[in-house]
Amino acid sequence: MISRLRSSIWTTIFVLLMAAGAYATFLRFAYGFSASTNLSDQFPWGLWIGFDVLCGVGLAAGGFTLVATVHIFNIERYKPILRPAILTAFLGYLLVCAALMFDLGRPWRIWHPLIMWNHHSVMFEVGWCVTLYTTVLALEFSPVVFEKLGWEAPLKVIHAVSVPLMIAGVLLSTLHQSSLGTLYLIFPEKLHPLWYSPMLPIFFFISSVAVGLAMTIFESWHSSRAFNRALELPLLQGMGRLLAVLLSFYLVLRLVDLASRGSLGYATEGSIESYLFLVEIGMLALAAILLFQNWVVEKPSALYGSAVLMIFGFITNRLNVSITGIERSSGTHYIPRWSEVAVTLAIIAFGFAAFRLAVKKLPIFSEA
Amino acid sequence: MARAILYDSTLCIGCRECEKGCAAKWGLPYDDNIGKEEKLSAHKLTTIRVFGDHFSRKLCMHCNEPTCASVCPVGAFTKTAFGPVVYDADKCMGCRYCMAACPFQVPTYEWDKPLSPRVRKCDMCYERQSAGKDTACAEACPVQATICGDRDALIAEARKRLAAKPADYYQKIYGLEEVGGTSVLMLSAVPFEQIGLKTNLPHSALPPLTMNVLGLIPNIVSAGGVLLGGIFWLTHRKNEVAKAENGNDNGRKH
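Here the protein sequences come in this chain order: F and A. Mapping to the working numbering: the first sequence position 30 is 30, numbers consecutive. Converting from the second sequence to the working numbering requires adding 368 to each position, the first position being numbered 1.
In isolation and in its complexed conformation, chain F is listed as follows (with noise of 0.2 angstroms):
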């Protein structure tokens, strides 16, 4: 009864949601961006890039932690859950690139870079980068579909070139988890100081694999309610520590980096960007703090609380950089317009309701 009536709210939101993105979709196409969000010549990049593109291409990183994991440093133990990291890197590869045709102005234009090339154009890098690592996420994810249609030669294919695929995937996501960060490098006078530093493509990567291991908790913390599947836990936990460390690390550099370029006091300032800043680096201090704790890690909804604060802490980290870092030297104000938010919720929404589809419809758990 109680889960009847839960499935039905659920049901009800993502009805709700996708009915808004549905007429979001229409002014943004049938009338321009003027009509659909509130980007201004002096503030050109809102929500869609700041979250979609920002924080999609972060939160997906889990499919190239998990997989450089499992079968490059060969820790096997890790691979009941590599199936579904893959497909969250899927679902959020191609969520990304949905988005980016609400936010290109002209979406069907998206293949250019391809052939006309700029090289010195860290856009044009991430381009080619993101394109052929949404292939190879469809590659890896592919032995998924063709063992549930009982297809042997293509299986055979795809294993005897795994080895290359698989580190062409890890190369091509370090490429370019970093080089979100190397975009705002060419800001020097427009980012806030709390955030522009020659450190920011070390910093997205490291936050990158961090968030990658926590959006892989979440998933499979969620994956086990909604599936009754037993949790991982033990596979969970080392994640969780490996978590604790590596947000250590991160959080030391960044600390340090702002110490090196006198930017530390801009902290304290007193300003939105200070607020902000402190929310952003308290929700990562305090997620590696619980982390580092042994009943956190031991108790499995702690544990997944933590990873939802590391996740809410890089959101803040990617948003700040992207919007309210910029948004004092635009010399405007910058809150995005109901039917931004509209699209990003609708674009979440589907990627949960694809996730769940195709754990119903394909092997992504049976394999063990």
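Check each hint, because a few of them may be wrong.
No farther apart than 30 angstroms at their CA atoms in a straight line, the calculated lysine-lysine pairs in the DSBU-like style are these [as the list claims (entries may be wrong)]:
#1 K611(A) <-> K79(F)
#2 K156(F) <-> K611(A)
#3 K606(A) <-> K79(F)
Rather than coming from a laboratory, the hints here were simulated on the basis of the structure.
Position chain A against the provided structure of chain F, taking the given hints into account.
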């Protein structure tokens, strides 16, 4: 021989004829209300701005090493040898990195066009100048506050003005060094920030900030590939060795 524009704020009378000339050249609408909009937009590619007793002009600065041309993933911007930075709308996919990255906040967008929006900015009348004519704004200016010509000659002219009337000028040329130098130069009676010009810009060009990092990619790929391949070989070798040893043990037992 690169062309440039020199705008002398001390000569400007704020008549906005440059705005009108520019709008006419691009075929854009112009009336008193548009004249009052003191910011660049897709329908206004240059504007006069009023700061108390002083005027200021805003237009694309046509950087010597343009950030827009560096960041554009499809190479839609080109710094011509002739001076102007020109834009090719046929390449543009509308990512707007140029707008986000431009240190002068110049490129604007056709936000209300749902399917085929373009970036809009001044092209320093590339075609007019190629044909030997002045830019539309320079031609329209009744007091020659905006003139165009060879960049070196205009720098010499600007220096001459600063030296001739030291009391009338803030003793610097805007655009000489900002982000590595621009093809639009400006003179002012007061410090530049008082007429709305950005003075926190580095004096070196911005593109190397990202190009230097991109230059590391071949090394990351080759070193990373070898490293990952090596780790793969090592970790799997361990298994094979273990397997082989087990096999030997079994062999001995039999």
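To see whether the hints hold, each was checked on the structure:
| no. | hint | result |
| --- | --- | --- |
| 1 | K611(A) <-> K79(F) | holds, 20 angstroms |
| 2 | K156(F) <-> K611(A) | holds, 23 angstroms |
| 3 | K606(A) <-> K79(F) | holds, 18 angstroms |
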